[in-house]
Amino acid sequence: MLTFDLLKTEGQARRGRLTLNHGVVQTPIFMPVGTYGTVKGVMPRSLHEMGAQIILGNTFHLWMRPGLDIMQSFGGLHGFEQWHKPILTDSGGFQVWSLGEMRKITEEGVHFASPVNGDKLFMSPEVSMQIQTTLNSDIVMQLDECTPYETKGQLTTEAEANTSMQMSLRWAKRSQDEFARLNNPNALFGIVQGGMFESLRQESLERLVDMDFPGYAVGGVSVGEPKDEMLRIMAHTPHRLPAHKPRYLMGVGTPEDLVEGVR
Numbered sequence: 000m001l002t003f004d005l006l007k008t009e010g011q012a013r014r015g016r017l018t019l020n021h022g023v024v025q026t027p028i029f030m031p032v033g034t035y036g037t038v039k040g041v042m043p044r045s046l047h048e049m050g051a052q053i054i055l056g057n058t059f060h061l062w063m064r065p066g067l068d069i070m071q072s073f074g075g076l077h078g079f080e081q082w083h084k085p086i087l088t089d090s091g092g093f094q095v096w097s098l099g100e101m102r103k104i105t106e107e108g109v110h111f112a113s114p115v116n117g118d119k120l121f122m123s124p125e126v127s128m129q130i131q132t133t134l135n136s137d138i139v140m141q142l143d144e145c146t147p148y149e150t151k152g153q154l155t156t157e158a159e160a161n162t163s164m165q166m167s168l169r170w171a172k173r174s175q176d177e178f179a180r181l182n183n184p185n186a187l188f189g190i191v192q193g194g195m196f197e198s199l200r201q202e203s204l205e206r207l208v209d210m211d212f213p214g215y216a217v218g219g220v221s222v223g224e225p226k227d228e229m230l231r232i233m234a235h236t237p238h239r240l241p242a243h244k245p246r247y248l249m250g251v252g253t254p255e256d257l258v259e260g261v262r
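Residue numbers for the sequence shown follow numbering that gives the first Met the number 0, so the first one is 0 and each next one is one higher.
Any given hint could turn out to be false.
Unchecked claim - Heads up, simulated BS3-like pairs for lysine-lysine below, C-alpha to C-alpha not over 30 Å straight-line:
#, residue 1, residue 2
1, K226, K7
2, K226, K244
3, K119, K39
4, K119, K172
5, K151, K226
6, K103, K172
7, K172, K84
8, K39, K84
9, K103, K151
10, K226, K39
11, K84, K244
12, K151, K119
13, K119, K103
14, K7, K244
15, K244, K172
In short, the hints are calculated from the structure, not lab data.
With the sequences and hints as input, model every part of the structure.
The following block contains the structure:
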């Protein structure tokens, strides 16, 4: 379940109320990062006292450790963390991309060696949806391919960014189909990609909007590009997404950048 009420706007800035299965989130909001199922050094009670409304977990790392069997025994990530407010889980796409030569990306998904024990594993849009359904996170992210700013010192070309973006769009549809098949009661977000190319960003967001996701994320920023390039994409993409739906700016978290992401 997801509902989003747009309460006030000022320029491009928005104030909203996001209602999810585990509670209400007032936006804009910063999500404390609990990659491995805990916000490092902070107990759940302290998070409540700080005013945290939603936290973030990572599908890839939680799949590696502690694993799905333990997650199932707790009834999902909320029980494991003893956090009973909303949780968003990233799909794991950035983490498998960051494995470098330890992984191979194909149309079907990503083959990689576990960084924990070297086991050969496979992540696909379907597998990511299955893991996130077990985690029972309030907001689920599609599996996407993170388009790098550069590879081994070579800037990503527009053709390379387009190839990556097109596959992320196909993976978005597969994620959406599997999410529906699993009858997941939570909310699935699509992720806008396209590298540093505004025309690709525009195509990506238009096609994702046609798929009618409950919310959308801006991905592929804060991945090694210069600050002015990140700000350029942040100025281009978010306000072109549907005004009546929530937006998630991925991987950006300094106080200064948060202000730029909102206004």
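Structure-based check of each hint:
1. K226 - K7: holds (29 Å)
2. K226 - K244: Answer holds: K226 to K244 is near 27 Å, not above 30 Å.
3. K119 - K39: Holds: K119 and K39 sit about 29 Å apart, inside 30 Å.
4. K119 - K172: holds (26 Å)
5. K151 - K226: Roughly 19 Å separates the two Cα atoms, so the pair holds.
6. K103 - K172: Since the Cα atoms of K103 and K172 sit roughly 21 Å apart, the hinted pair holds (cutoff 30 Å).
7. K172 - K84: holds (28 Å)
8. K39 - K84: OK: K39 and K84 at ~17 Å, within 30 Å.
9. K103 - K151: holds (16 Å)
10. K226 - K39: holds (27 Å)
11. K84 - K244: holds (20 Å)
12. K151 - K119: holds (25 Å)
13. K119 - K103: Answer holds: K119 to K103 is near 11 Å, not above 30 Å.
14. K7 - K244: The given pair, whose Cα atoms are some 13 Å apart, holds under the 30 Å limit.
15. K244 - K172: Given that 30 Å is the threshold and the Cα spacing comes to 19 Å, the pair holds.
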